[in-house]
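Student: Following the hints, complete the assembly by docking chains B and C onto the known chain A.
So you can see what is in the structure, the chains are spelled out below.
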Amino acid sequence: MASFFEIDLKLHQGSFGLEVQARLGETAAVLGPSGAGKTTLLEAIAGLRRAEGRVVVGGEILQDSAAGVFLPPERRRLGYVPQDGALFPHLSVRSNLTFGQRRPSAAGDVDFATLVLALDLQELLERYPRHLSGGERRRVALGRALLARPRLLLLDEPTAGLDPLRARKALARIRRVRDEVNVPLLVVTHQPEEALALASDVLLLEAGGVRGSGPARQVLRAPSALARESGQHQENVISARVVRHHADGGTTEVRLDGGEAVTIPHTPDLTEGGEVLLSIDAEDLLLATARPVGLSARNAVAGSVDELIRVGTSVYASVGPWLVHLTPAAVDELGLLPGMPVWLVAKTHSWRVVAG
Amino acid sequence: MRRSRRADAIDLSQIVLFTLAVAAAATVLILVPGVAVAWCLSRRGWRGRMLVETLVSLPLVLPPTAVGLGLLLLVGRSGPVGGWLYETFGIDIAFTWRGVVLASAVVAFPLLVRSARSAFEEVDPRLPAVARTLGRGPLGAFFAVELPLAWRGITAGAVLAFARALGEFGATILVAGNIPGQTQTLALALFQQVQVGRDREALELALLAVLLAAGSVIVSELLVRRREKTLAE
Amino acid sequence: MSKALPGLLLAILLLATIPAAAENLNVYAAASLSDALREVSQAWETFGGAKVSFNFAGSNDLARQIESGAPAQVFVSANREQVERLEKAGRVRPGSAFPLLGNALVVIVPGGSKVQKLTAARDLLQLDRLALADPAGVPAGVYAKEWLEREKLWEQLSARVVPTLDVRAALAAVASGNLPAGIVYATDATSSSKVRIVYRVPPEAAPEVRYFAAPVAQKEQNSAAARFLAFLRGPKARAIFVRYGFTPIEEKPEG
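Residue numbers (my numbering), protein chains in the order written: chain A, 217 to 572; chain B, 159 to 391; chain C, 5 to 259.
Just chain A, with the same shape it has in the complex:
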């Protein structure tokens, strides 16, 4: 089956070279440090930069240098949302939003009123970009891209410069939009959590070249990836649903996708029953060979060891969807072996809300 994204691009600009070959699914993230060429790649896909090669999106050939095909940006129908929005300063929010709308509107177009409600833009419609906050601008930029009925959204660092609270609200919003409007997504980011939150496939980009591409977990958990990131924290990102808030206890109770009950720090702005995306570092998880008692940790989840990955002086244990960072000494002491049943233990405060 053909992939949604087929990218085969080469670009040289001065001393910078970009060479990317990848097949990715409908929700994909380009992950890499700054200077890796992520924005350049995005611009090339959008047709704003001329690169050599082939780009096929959803079966449509956007460009094919060998065949002499190059669709100009206005024909590619890609919703490009640059960093911090790039709203038109001389137009009101309303005019910005409707800028790309096709006239006459066709079936399948996002309804203006619905979108305004969904992105909470009612109050802002007659204002001008210079009077909006960074977060508000991003919402308008997202709305503007969606109203143009794109065949996919290209997001450049959607949470750059946002504080953690606004960042997770933004990610939650993007996930909702992705799911409700059903629009494919290509996100550029340097944060693995963000990639995991928004996409199922990941392309690792470094210095203009591809280091790995494929399903997110697979790519990020490959031993080579782990080896490169030694010293960095490895995140575990998992979906959950909010059950109940316990203000006195200082906790919020959630139920993970797998059914396990977990307590996270009290986060009153989350709606009970609402969906949330959590993250915990591999470094913050503990392994126990028996169910723990007498610990302050509120969270214990059962599982079994799938794989032990040795990377340098570290060992990563893969327990179902979880990655746990251990010392070789601990592994030897516990006599850990693949297949062994284990308990994962985490402190309440180790959990972070990524989107919600």
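A hint or two may mislead.
Pair by pair, the computed Cβ-Cβ distance ranges are [claimed, not checked]: (1) B:Ser215 <-> C:Gly106: 47 to 53 Å; (2) A:Arg310 <-> B:Gly295: 19 to 25 Å; (3) B:Ser215 <-> A:Glu422: 41 to 47 Å; (4) B:Gly295 <-> A:Pro305: 19 to 25 Å; (5) B:Glu245 <-> C:Lys240: 47 to 53 Å; (6) B:Val210 <-> C:Gly106: 27 to 33 Å; (7) B:Ala372 <-> C:Gly73: 19 to 25 Å.
Think of the hints as simulated: they come from the structure by calculation, not from any bench.
All C-beta atoms, glycine included, are put in the ideal place defined by N, C-alpha and C.
Tutor: Just chains B and C, lined up with the frame of chain A:
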């Protein structure tokens, strides 16, 4: 502005109206090409950019008389362009009002281009790029985004060009001559009155010139302020 | 040593100009006299006379400059009007001016023009533009306008007139082909190979063209000026003027 009806009395209202009309015509003439050239110069890295930059700046730096001479050689009846126009259409440019408009247009052109170019350079390049992704073609993106954002600089350049055209002398007198009632602008009329020794008339014309100049400065200020007001809302 | 060089050069230049300024004779003369007077002044200088500096322009323009205090020592005007103007302004002593030369008016066209010889003044009407030294003040233009008024042609032709700064500028405009015709002095027409004479204004039809010369009153009376003016009336200068096409006037200085 009635004067004693001497046969050689100067018609002040005709001179002023002619001067204003010619300056306006020159400004209108250079508006579209000036904005186009300014936009091209605001893009980087194309071959010949330096050459175009130099050519456009020439009328600014050269003595106006040198500009006038060049134009005369070109559009005079014995020149390549002027000769062809006269042979084919019977149209004269040199020593007619068309010559005045041409001379003013050429010397005012670099002023418009400079101002407009800065204005285009200040536009965030991501904005027209985003407009493209939202479905506008290159021209559509230009008109919807770049032009409105550069408008203030363009207008300022146009007013500057108009003011320059109002006072233009050196190139005009060579290309169009100082023909009363036909090519005589305020500046040229002033010169002639001095030449023939009519100092009082010359002074009157000089005062009128001051009024016109002040008037255009005030108009440009008002334009700038109105734009500032709408932007600040 | 090289640092002192520019300063040294400047000093030498300054020194060089000072004696020249004291000896120089400033002659302001009508534009139509430029070739002839230059040759005359060369003869004058080989004769031992002071170095002459010329300022050639329309006589009205020169008169204006002298009125404003320009350092002219000799003034040669193409008509009497400009000399009278300076007499009124106190720059020329009444009675010191004298008529020097006569000239004639001609109609010229560019060398490549298809226009044939005009048989009468009326034929001027076939020309759509006419270069004239500014008839509002420059003598050549004033003479031409007077002639056309006498021929009753001025009304129709005035709109076709392109006024130039002086008669040489009118000549140049026609010589370059930028204007199809002009009225200049006969002496101007012969000085350029790029124009053709198509009509000589008969002396009885035209106003009399008379050049007047006079010393200009300065703070320090310049004896060289008087001697130069005498030279202008002398045989050597007369021969040169005749060669250029001027008609010397053998009148006594006006008393």
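Student: Can you give the numbers of the hints that this structure goes against, from lowest to highest?
Tutor: 6, 7
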